[in-house]
Amino acid sequence: MNTELFGVVAILFLTFILAWPLGKYISKVFKGEKVWSDFLSPLENWVLRICSIDPNESMDWKRNMKAMLRLNLIFFLWSILILMIQKYIPIWNPANIGNMEATLAYNTATSFTSNTNLQHYSGETGLSYFSQLLVICFLQFVSAGTGIATLALLFKGLVQKQAADLGNFYHLFLKSCTRILLPLSIVVAIIFLLNGMPTTFAGLQEVQTLEGDTVQVATGPVAPVIAIKQLGTNGGGFFGPNCAHPFENANYLTNISANISILLIPVALVFAFGFYLNRKKLAWIFFGVMTIVFLTFVSSAATFESSGNPEIAKLGISQPPGSMEGKEVRFGAAASALWGVSTTSTSNGSVNSMHDSQTPFSGGIFLLDMMINAVYGGVGVGFINFFMFVVIAVFIGGLMIGRTPEFLGKKIEAREVKIASLVILLHPFLILVGTAIAAFTAAIEPAIGWLNNPSYHGFSEMLYEFTSASANNGSGFEGLADNTPFWNIACGTVMLLGRYLPIIGPIALAGSLAAKKSVPFSSGSLKVDSLAFGVVLLGVLVVIAALSFFPALTLGPIAEFFSM
Amino acid sequence: MKAILKDLKLHFATLILFGLLFPLLIWAIGLLFPHQSNGLPIYKEGKLIGFENIGQKFYSDKYFWGRPSAMDYNGASTGGSNKGPTNPEYLAQVEERIQQFLDKNPGVKRSEIPSELVTASGSGLDPHISPQGARIQVARVAAARNLDPERVRQLVESHIEAPLLGLFGTARVNVLKLNLALDEMDSGNNTDKELKSGL
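From first to last, the protein sequence lines are chains A and B. Numbering-wise (our numbering), the first sequence opens with residue 1 and increments by one. Numbering-wise (our numbering), the second sequence opens with residue 565 and increments by one.
It is possible that some hints are incorrect.
[What the hints assert, rightly or not] With a straight-line cut-off of 30 Å between C-alpha atoms, the simulated DSSO-like cross-links for lysine-lysine are:
(1) Lys573(B) - Lys314(A)
(2) Lys566(B) - Lys62(A)
(3) Lys741(B) - Lys314(A)
(4) Lys34(A) - Lys573(B)
(5) Lys314(A) - Lys566(B)
(6) Lys62(A) - Lys573(B)
Since the hints were made in silico from the structure, they are not lab data.
Assemble the whole structure, with the sequences as input and the hints as a guide.
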């Protein structure tokens, strides 16, 4: 037990230690200052030149958003096309995988374009190696690059004074991929490779087992895809069971590397904010608020998983390993719980244990984590979501002390508060309406066969699916039979809305902040880098999440918890 | 129109960089480490008999058993049971597994069975069990093979993999490796005796 706990502490410690210098580096990359990776600039300049993009051309928020949307539309169209014709592509399909059906292809293409990686297919039977690399691996880079570049636009908006320019999306996008994602992915992929995660195009391997049976074992070019999947908060598995599969997560060392990779860039971006705006104390406040929530979640989930399933305890067996249904022995209960919280905090969505089989309390924490969706959050977009809560907290804080709300010298006015409120309300709207429709359908048509578990847990399966889609997370209570036209189309659409509206809104907000005059800090200003503001911010996070989602959580995990 | 052309070009440039060149770079590095990049395969007399980290289905009394698998250790279609913790059907299934285990391992008390032995893993391919899970199978395996239980117990103890650096994670036993060593010990048993008597 103690060594399991040490493992958890080591992962967290290493993450925070590494995130600080990475944040400093990212801030320099955003600003275009000198960094060690400048040897890559000839490559970037060459790409930009053949694409006839002028990296120094400054664009306002509208032009940047149009560029982002056009580019993402092309990613989406390319992906849906390849998925629907993968059978006809003559290379890299040793297992003769067929074409994807239209609604499944729609779901998969939206899922990976929107950095969600919700999967209604199973990798070893649903995708050719060609699709794994030129759709999945590719989108895992560019969707993450889109998120990080968007955050760079927001940072620029916060430092601008009476200017429309937010930077150049194309340039920031390319650099986010080449300078941040690529070097880290190479390092992590090599660690994975050396620990026996396959990197081969050999296809299915026939094994003669000791008992004398013959089984087929799926392999593939796994290590590179898993590296970017973790670092870009993507999370889509090469195989069905994701990082529970021994080829996707070979041992405790790869588990440590992967878990750090999940958290690293999201945490580093909080510090990058501090370096970019030279507001390190404020960054620490933000980091502190997120980390308090994160550690609370980790410690409760780890406690519940390690102490085992009470229903299994009633059967009279011993549970020193903890609740082990859906978990792997080489990670153990505590590291599985830490992973679960990490992956739902950061909108990553990869799993190293089956969330459907976790004890109700942990399942509820994972849900709540995605409902808040701003505890570190997905690369780039996580901080953007968090920033919406900051705007609301500034507004409420201003009201409480009776002063004009302002943030970093910019007045927060009706337009900003409206945008922030709409973005925050969109999330519960998508989740609760989607779940309500699904629950209604399942109730009037019980023969529909969606649910793998009865009662409260069955409701949690549906709630989880919509929460995961709207939070662009991608993990699932995988018992849900979700490869049906209803789930494919509904979740696909929720993922699109849950991705792009919460990007466009905040960037419009950044555009309007950039155009504002800077008001000098006075005794009448709200001091944001203070403990008091941190407490208000934490309160806003908790109250909004609790008020919006508590009734739904009560019907699912909370009811199940009390029924035990 | 001009903007779309620009975007299309950028799409294909990033496609080649990240969808093609990056994985091929890692693949090329993997060529230097063929054992690792093929997933740690195990060969016996030129035949592929398994992968170190991919669990196999064991059901004979003479082998140590791994964990239950929701996918019956099918390496081409993997996964967990996704059963919820309070699902009555699932709890009945666990009870059935406990009964089966007790029937096959007389002398083992119910309270000695660790939970991983009667619950399905996440991948359906979990290669490990806990040390306790191996120890309570020693009597059965030794009896089935007509071996000294003490020797089998020692073999189990020598196959316990410590946590990483002795500090992080779980102690565990790789069932496939243990069974391979067991087969070797069993077949080497007679040759050993012959060698010794020859001396």
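Hints, verified against the model:
The straight-line distance between the Cα atoms of Lys573(B) and Lys314(A) is roughly 62 Å, outside the 30 Å bound, and the hint therefore fails. Taken as a hint, the Lys566(B) and Lys62(A) pair is honoured in the structure, with Cα atoms around 17 Å apart against an allowance of 30 Å. In summary, the hint linking Lys741(B) to Lys314(A) is not supported, as the alpha carbons are separated by about 33 Å, beyond the 30 Å threshold. At roughly 28 Å between alpha-carbon atoms, Lys34(A) and Lys573(B) fall within 30 Å of each other, so this suggested pair holds.
Between Lys314(A) and Lys566(B), the direct Cα distance comes to roughly 68 Å. Violation of the 30 Å bound is thereby established for this hinted pair. For the given pair, Lys62(A) sits about 21 Å from Lys573(B) by alpha-carbon distance, which is consistent with the 30 Å threshold.
The structure shown violates the earlier hints numbered 1, 3 and 5.
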